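Q: Starting from the known structure of chain A, fit chain B onto it as the hints suggest.
Number of protein chains: 2
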Amino acid sequence: MQGLMQDWPLTVDRLLTHGATWHAQREVVTRSLEGPIVRTNWGEIHRRAKRVSNALKRLGVQPGDRVATLAWNSGRHIEVWYGIMGIGAVCHTLNPRLFADQLCYIINHAEDRIIITDTTFLPILLENRARMPSVEHIIVLADAERTASLKTPGLLSSESLIEAESDDCVWGDFPETQACGLCYTSGTTGNPKGVLYSHRSNFLHTLLTLQTDVMGLSVNDTVLAVVPMFHANAWGLTFSCPAVGARLIMPGQKMDGPSIFELLETERVTVSAAVPTVWQMLLAHLKTTGERPTTLKRVIIGGSAVPEAIVRTFHEDYGVQVIQAWGMTETSPLGTLSTPTPEIAALPFEERLPYLLKQGRPPVGVELDLVDDAGVSAPRDGKAFGRLKVRGLAIVGSYFRGDGGEILDARGFFDTGDVATIDPAGYMQITDRVKDVIKSGGEWISSIEIENLAASHPKALMAAVIGVAHPKWDERPLLLVKLREGETAEADEFLAWLEGKIARWWMPDEVLFVDDIPLGATGKIDKKVIRARFEGHVLPTAQPEKV
Amino acid sequence: MQGLMQDWPLTVDRLLTHGATWHAQREVVTRSLEGPIVRTNWGEIHRRAKRVSNALKRLGVQPGDRVATLAWNSGRHIEVWYGIMGIGAVCHTLNPRLFADQLCYIINHAEDRIIITDTTFLPILLENRARMPSVEHIIVLADAERTASLKTPGLLSSESLIEAESDDCVWGDFPETQACGLCYTSGTTGNPKGVLYSHRSNFLHTLLTLQTDVMGLSVNDTVLAVVPMFHANAWGLTFSCPAVGARLIMPGQKMDGPSIFELLETERVTVSAAVPTVWQMLLAHLKTTGERPTTLKRVIIGGSAVPEAIVRTFHEDYGVQVIQAWGMTETSPLGTLSTPTPEIAALPFEERLPYLLKQGRPPVGVELDLVDDAGVSAPRDGKAFGRLKVRGLAIVGSYFRGDGGEILDARGFFDTGDVATIDPAGYMQITDRVKDVIKSGGEWISSIEIENLAASHPKALMAAVIGVAHPKWDERPLLLVKLREGETAEADEFLAWLEGKIARWWMPDEVLFVDDIPLGATGKIDKKVIRARFEGHVLPTAQPEKV
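Residue numbers (the working numbering), protein chains in the order written: chain A, 109 to 655; chain B, 109 to 655.
Chain A on its own, in the form it takes in the complex (with noise of 0.2 Å):
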């Protein structure tokens, strides 16, 4: 027996719609890259949106094309993200930090019909244009002026295609499973995979980030969302601010402490979403200014763990709230959050503190599972290791084109790669990937605990810990440290420094200090290329034994 009620599609025109219906004059403000603070508001983004969808069409674009973004946030990237979306096409958000490879690569793979584009990226397009055949027209964010003035035959203005246009476009019309967004993810290992959204999942997601014990956004709030919009769809934020009637604010491409701590003061905001980065060069300035945010009340942090001294230093010098997020382009991206339940709320915040470490609890519509690789699931102890695997409701099914293959599990679960426990109070804490871990007598030891210690030593920039083949345990940890500039140090040192920190089994069988650790596009240690360095090498304790 089916119920009664009413077809509504779940698309994602829909929340701007709403936003443009009820919250008309509410602010979308941007730091535009020519550098004045531009304001809009959310009727107007909706009706410079339509025009934009006119425009699309006008240029020959269909329901499923991609369409393809490469643009810091702004309000301008807004209007092209629904314009592309509301007619059923689908916004492929580029990230302008890949390499021109992997730019090229992803486009091709998308085949993309359109770029647009800040002026800032115009350069690598036009260099690697003829490694894009798909791609039929290139758009600029800009005036016609502006873009006259690049002297570049053939190129777009986007201001000049949105005054040509009506804003009368019908929008949605199609299924909810239609597809909406496409994001690749950042590919440590292989080629970047494309996760392709549907107007569906984008507008579940939506809804349940705006739950209290989610991002919780209000009608209230004036959100600064320097989390940019090719990263997994900046959060959410740019589907969930107009779903509530949020204030937006842009950063542009300034992300640097002096300049967000500037949007943070004049424009009274009051949340915000960022990587640890981006938080540790604000509080640098802080520091160094003694100037102290006035209306800021929580920053969501997500992306990488979140170093203690960001809570600590948010909590103890400025009063404002850190919650952790943990997700991946894969679920879209919100998976889990630390946010505190009653019992570690009414906690010291020492004690609170280590849960607010943790990537935190999933909300209803997620479904986590640890498993290990036996396919058993973990008990709940935060001491037993697993896979993590995800299923839910914004939480891919499968890549783009099939790459990679069937990625789910028996029971409809995604494995995400990444190694986490789960305490008895609920919250998970990532502590490896999978491929990183090292499997040592058949035990898994975690490679980014033992290299987050090792980086704490006082003589350490950085640290990273691979496994080495080992004949006897399989794998055994070595550990790399590039120290800070000026210092010396004896691998001594740092054993000692792990002394008890650690498992004895954990310890590391070899120390080197190393000029150098390479970093993938997202910041993050890149242990494929660690793996290559070393490959072949062998640890001291793998010598055969001297006579």
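Derived by calculation from the structure, the hints in this document are not laboratory data. Model, not experiment: these values are computed from the prediction. Every residue gets a Cβ at the ideal spot worked out from N, C-alpha and C, and that includes glycine. Check before you lean on any hint, since a few could be wrong.
Claimed, not checked - Which residues of chain B face chain A? A partial, calculated answer using Cβ under 8 Å: (1) Q110; (2) L118; (3) Q286; (4) N328; (5) Q429; (6) A453; (7) V472; (8) S506; (9) G525; (10) D634.
Unchecked claim - Residues of chain B clear of chain A, computed beta-carbon distances all greater than 10 Å: (11) T148; (12) L234; (13) D321; (14) T396; (15) D489; (16) E598.
A: The following block gives chain B in isolation, referenced to the frame of chain A:
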């Protein structure tokens, strides 16, 4: 092109499963019919609900079958609610405030196979047992001993059934469009009509209500659900509380001031939801005793317009925020809320108050339209009246068994039967029911506005206004007043009282003093009965002029 995200059907069993998985120990506290406070938790409710499912299957319940409940709010009621829905059967909540004839009509219309009831309602069921041929079993929410003491052959004990079963049972595994709940409208005109909720609509409604600007429930909340589960799903609380792991307090059948106050304090309630009458009783109790709620932060009030005194007293005397909510059985029920926007929140209380007394603004997923008789949208100027129409993700599409025929207009909007205004800030205000509005000379007069004003006269206990046929103006208002005990009054006193407060052409053509103003099952004035009583009544203004 279809998105490639997981297929994760939105079935409501997942809401409780989430609560049981991540908030197993969070309490559900019930004031039992027998008197004592009974404590359970989401984990235990989940296990017992699975046993209910197995018991129902053993009794032959199939997906789509209707299983009715006739019960106060309690942990046991939640267990059977999920036990029914989890296996794809339909939980039909019966309103015990209905008269026996209506109850029988509804049970027969729904073809309920089983009725699960509190002992309180056993007499009415047994008296009318012969009139319910579809009902195969009556289960009382009681243990074996209590059930035996009722000395009713064939009666089943819920506890006996539960004890006999395993808590292993597959839930879900059917399409999200599967029917899930059935609730009949109170039906002030014609027979009650059934709203058949789907799993999808209830799941989506849950996500809507969890938004910060809607009900904003959190794992840190203790929620007192006074609004009954048979009253439009307790406004979704039995879904939303397990979905976020909120602590839930169920008042059983005691909703008087002292009982509610006792629960508020002993259970440290932070949020509660109920109709105005409940709050009037509570506030009267507080005034009499001088007691104060110490943990309550927010009350959500709906079901009928919230009197100013309630908002003012909660705000001024107790620092409790009142959120007015509007909705109906057909809207799952949440339609709008009076949550302040930044502009309204910034106003001094006296200027903010008029907005708090309106029904408020819709969340995303609820679309409102106001149309005049010609179907043209009314301006949002706070003055123009229109028929209030709604469309959205949890709004009725058609009534059960097609009653009432096609109920959506060409654009898919449902006509609420209410007349409303929307002001420039987006706040909707219900001014009347369409059928109660008085059509005078082609213009609309709000019967409710006049009767509210008349009822505020110091001598009045209650007032009602109906339109009476008029040869010249089509209809003209007749004001009926029930005076306070011992009072006497002249018609002119009431006309003078209204003078200047309403438009001159809204002034009633006649004022009559009556001993009785009839109320319907939900406590609202029953205008159908009044109109029947005054059928053929001739207003003095309609008399043939004396020659």
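Q: Run every hint past the structure and note whether it holds.
A: Hint check:
1. Q110: With Cβ-Cβ at 5 Å, under 8 Å, it holds.
2. L118: 7 Å, holds
3. Q286: 7 Å, holds
4. N328: With Cβ-Cβ at 5 Å, under 8 Å, it holds.
5. Q429: Interface hint status for B:Q429: violated (13 Å vs cutoff 8 Å).
6. A453: Since the shortest Cβ distance to chain A is 7 Å, the answer is holds.
7. V472: Check passed: Cβ of B:V472 comes within 4 Å of chain A, closer than 8 Å.
8. S506: With a closest approach of 5 Å, the B:S506 hint holds.
9. G525: Since chain A brings no Cβ nearer than about 17 Å to B:G525, farther than 8 Å, the hint is violated.
10. D634: 27 Å, violated
11. T148: Given a closest Cβ separation of 18 Å, the condition holds.
12. L234: 29 Å, holds
13. D321: 5 Å, violated
14. T396: About 33 Å separates B:T396 from the closest Cβ of chain A, which puts it past 10 Å; holds.
15. D489: Non-interface label on B:D489 holds, nearest chain A Cβ at 15 Å vs cutoff 10 Å.
16. E598: 47 Å, holds
When held up to the earlier numbered hints, the structure conflicts with 5, 9, 10 and 13 and fits the remainder.
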